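Participant: In case you want the letters, here they are:
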Amino acid sequence: MLTISLGLVAASCFSSKEVKASFTLNPESLRYLYDSNPIDCNRDKVVYFELFDSIPLNNYTPFNKKGWGAIPLVAFNLFWQNYEVVMGQDMAFPNYHQFFSESIITESQRTGCFTLKEKQSEHDTYILKLMIDKCETKSKLTSTFGFMVGGYTASSGDGHTGKPSNTELIVNAELLQNGVTIFEKEYNLIHHQPFLSKTYQAPNARNTDIDLKHNMVESLSFATKNIIENIILDINNTLTSL
Amino acid sequence: MERLSPDINYTAFLYTKIKSGIYILCLALLITSCGPNAYDISGGQHYEFELDYKLLQDSTFIEKSIKNSTKYIPISNSSINQSHLLYNAFLMLNKTQRKKLKNYLEEQKDTTSCDYKLALMYYNVAKHEFQNANNLYSNLCKESIRFSEELIYADLQFELALYQGNLNYNQQLALYQDLIDKHIHDELAKTIIKSRARRLRYINRNF
Numbered sequence: 001m002l003t004i005s006l007g008l009v010a011a012s013c014f015s016s017k018e019v020k021a022s023f024t025l026n027p028e029s030l031r032y033l034y035d036s037n038p039i040d041c042n043r044d045k046v047v048y049f050e051l052f053d054s055i056p057l058n059n060y061t062p063f064n065k066k067g068w069g070a071i072p073l074v075a076f077n078l079f080w081q082n083y084e085v086v087m088g089q090d091m092a093f094p095n096y097h098q099f100f101s102e103s104i105i106t107e108s109q110r111t112g113c114f115t116l117k118e119k120q121s122e123h124d125t126y127i128l129k130l131m132i133d134k135c136e137t138k139s140k141l142t143s144t145f146g147f148m149v150g151g152y153t154a155s156s157g158d159g160h161t162g163k164p165s166n167t168e169l170i171v172n173a174e175l176l177q178n179g180v181t182i183f184e185k186e187y188n189l190i191h192h193q194p195f196l197s198k199t200y201q202a203p204n205a206r207n208t209d210i211d212l213k214h215n216m217v218e219s220l221s222f223a224t225k226n227i228i229e230n231i232i233l234d235i236n237n238t239l240t241s242l
Numbered sequence: 001m002e003r004l005s006p007d008i009n010y011t012a013f014l015y016t017k018i019k020s021g022i023y024i025l026c027l028a029l030l031i032t033s034c035g036p037n038a039y040d041i042s043g044g045q046h047y048e049f050e051l052d053y054k055l056l057q058d059s060t061f062i063e064k065s066i067k068n069s070t071k072y073i074p075i076s077n078s079s080i081n082q083s084h085l086l087y088n089a090f091l092m093l094n095k096t097q098r099k100k101l102k103n104y105l106e107e108q109k110d111t112t113s114c115d116y117k118l119a120l121m122y123y124n125v126a127k128h129e130f131q132n133a134n135n136l137y138s139n140l141c142k143e144s145i146r147f148s149e150e151l152i153y154a155d156l157q158f159e160l161a162l163y164q165g166n167l168n169y170n171q172q173l174a175l176y177q178d179l180i181d182k183h184i185h186d187e188l189a190k191t192i193i194k195s196r197a198r199r200l201r202y203i204n205r206n207f
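Quick mapping for you: the protein sequence lines, in order, are chains A and B. Following my numbering from start to finish, the first sequence increments by one per residue and tops out at 242. Following my numbering from start to finish, the second sequence increments by one per residue and tops out at 207.
For the record, the hints were derived by calculation from the structure and aren't laboratory data. Just so you know, not all the hints are guaranteed correct.
What the hints assert, rightly or not - Straight-line alpha carbon distances no greater than 20 Å define the calculated PhoX-like cross-link-like pairs of lysine-lysine that follow:
{"id": "1", "chain 1": "A", "residue 1": "Lys138", "chain 2": "A", "residue 2": "Lys45"}
{"id": "2", "chain 1": "A", "residue 1": "Lys225", "chain 2": "B", "residue 2": "Lys190"}
{"id": "3", "chain 1": "B", "residue 1": "Lys194", "chain 2": "A", "residue 2": "Lys119"}
{"id": "4", "chain 1": "A", "residue 1": "Lys65", "chain 2": "A", "residue 2": "Lys117"}
{"id": "5", "chain 1": "A", "residue 1": "Lys140", "chain 2": "A", "residue 2": "Lys65"}
{"id": "6", "chain 1": "A", "residue 1": "Lys65", "chain 2": "A", "residue 2": "Lys20"}
Small disclaimer: the values here were computed from a predicted structure and weren't measured.
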C-alpha cells in the first residue's frame, strides 16, 4: 500500500509534462501600455534601424529540475520538486523580434525627435544597429505533494509555488551617420517583476502556473519597455548634439 | 446507574484524537512554510467575486450594497469597487431577484444621486442592454468625476466583453491605451490606469 502511494506521489510530483502544458498551451501576449509623455518636436531626421538576432528567445520553454525533497514519515508524507523555468518563445506571442521592432517604432513616435523606420539600404544617412545579446526570463516553480494517514482517515493535497520572475536583457545599440559610428552603448537591465498581489490565494495549482506565466511574460514586456525608452532618449540626445 | 459504554478506553481514544490533530497541524505548517510566495500571484478579481457570493446569501444585500455605495459618492476608486460588487452580483441574479432590484430602483427613481444612476447603469449592463447603460452614463455626474468616469466606462466595457468573450486581451489593452493617452500628464490617473490594465492579464482565467 505504501509503495503504491509512493508511486502515485512520484508520478504526480515529479512529472513536468502537465506543468509545461499549463505554460505553453495558450501563449500570453507580449504587450504593455505606453505611458511616456509624447514630445512635440521636429522629426525631419530619419533613422533606419536594423535588429540583429532574430531568435533572441529559445523556441521552447525548458523546465530544468533543480533538486527535490521528501519527508516520508509513513503517517505524514511530503514531497517536492523544484524547477527552474526559462521563458521560451512558445510561452508568448508575437515573436519577440517583431514585438521589439514594433515597440521601438511606436515609442519613437511618442518620444523620439526623429522618424524611425526599418532599414532599407546601406546608403541610408542614419542607421541604428540593435543587437540583442541576451534575453532571459527566469522563474522558479516548486511542485509539492503531501498525504497524511491518521486513524481511519487519510487525506492528500498538492500545490505549486511560484517565485517572481527576473529578466536579464542586454541590448547593444550603435548609431551610424554615413557609415561612421556616432553613438554606441550597451544597455544591460535586470528587471524584477513582483506579483500582482500578496494577499490572494490561487484556487489551484493550474491557476498558479497560469499566473506565473503571466508574470514571466509581463516581466519581459516591461524590461523591453525600459530599454527601449532609454535607447530613444539617448538617440534624441545624440541627434540634437550634432 | 449502568455505564453505557463500559469497553471504551477513553485515554487511548483521547490520545488518538490528539495525535491526529497534531498531524493536521504539522501538515498545515509545513505546506505554509514550504512556499513563502505560494499562490501570491493573482489579483483582486477573485476576491470581489467571492464577496459577491457572500452578499447573495443575504436577502437584503441589494439595498445594503446600494446604501453603502452612497458613502463613496462622488465616485472614487472605492466606489468603482463597490460598483463592481453590484455588477458582479447582478450577473448572478435570478429572474425574481432582478425583478426585486428593478422595483427597488423604480422606487428610487426620483433620487438624483450618483449611486442610483450608477446602480441603474450596472443593472442595464447586467441585462446586456449596453446602449441604455451607455446613454445613462453620458449624463452621470459629469461635474464631480474626472478621470474615474472614463475608467468606469472602460471597466464596464471590459467586464462586459469578458463576460461575452468578444474582446481579446490586446483589444482590452488598446482601450486602456486610449485612456492613458487622454490622461498622459496626470500621474495619479496613469498609475490607476496602469494598475487596472495590469490586472487584465490575470482576470481572464476567472471567467
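Participant: Has the given pair, Lys194 of chain B with Lys119 of chain A, been kept, meaning a C-alpha gap of at most 20 Å?
Facilitator: 33 Å, violated
Participant: Taking only the CA atoms, is the gap from Lys65 of chain A to Lys117 of chain A under or equal to 20 Å?
Facilitator: 43 Å, violated
Participant: Does Lys65 of chain A pair with Lys20 of chain A here, judged by a C-alpha cut-off of 20 Å?
Facilitator: 12 Å, holds
Participant: Taking 20 Å as the top limit, are the C-alpha atoms of Lys138 of chain A and Lys45 of chain A close enough?
Facilitator: It is violated: about 39 Å lies between the C-alpha atoms, which goes past 20 Å.
Participant: Holds or violated: Lys225 of chain A with Lys190 of chain B, Cα cutoff 20 Å?
Facilitator: 16 Å, holds
Participant: Lys140 of chain A and Lys65 of chain A: Cα distance at most 20 Å?
Facilitator: Roughly 10 Å separates the two Cα atoms, so the pair holds.
In this structure, the earlier hints numbered 1, 3 and 4 are contradicted, and the remaining ones agree with it.
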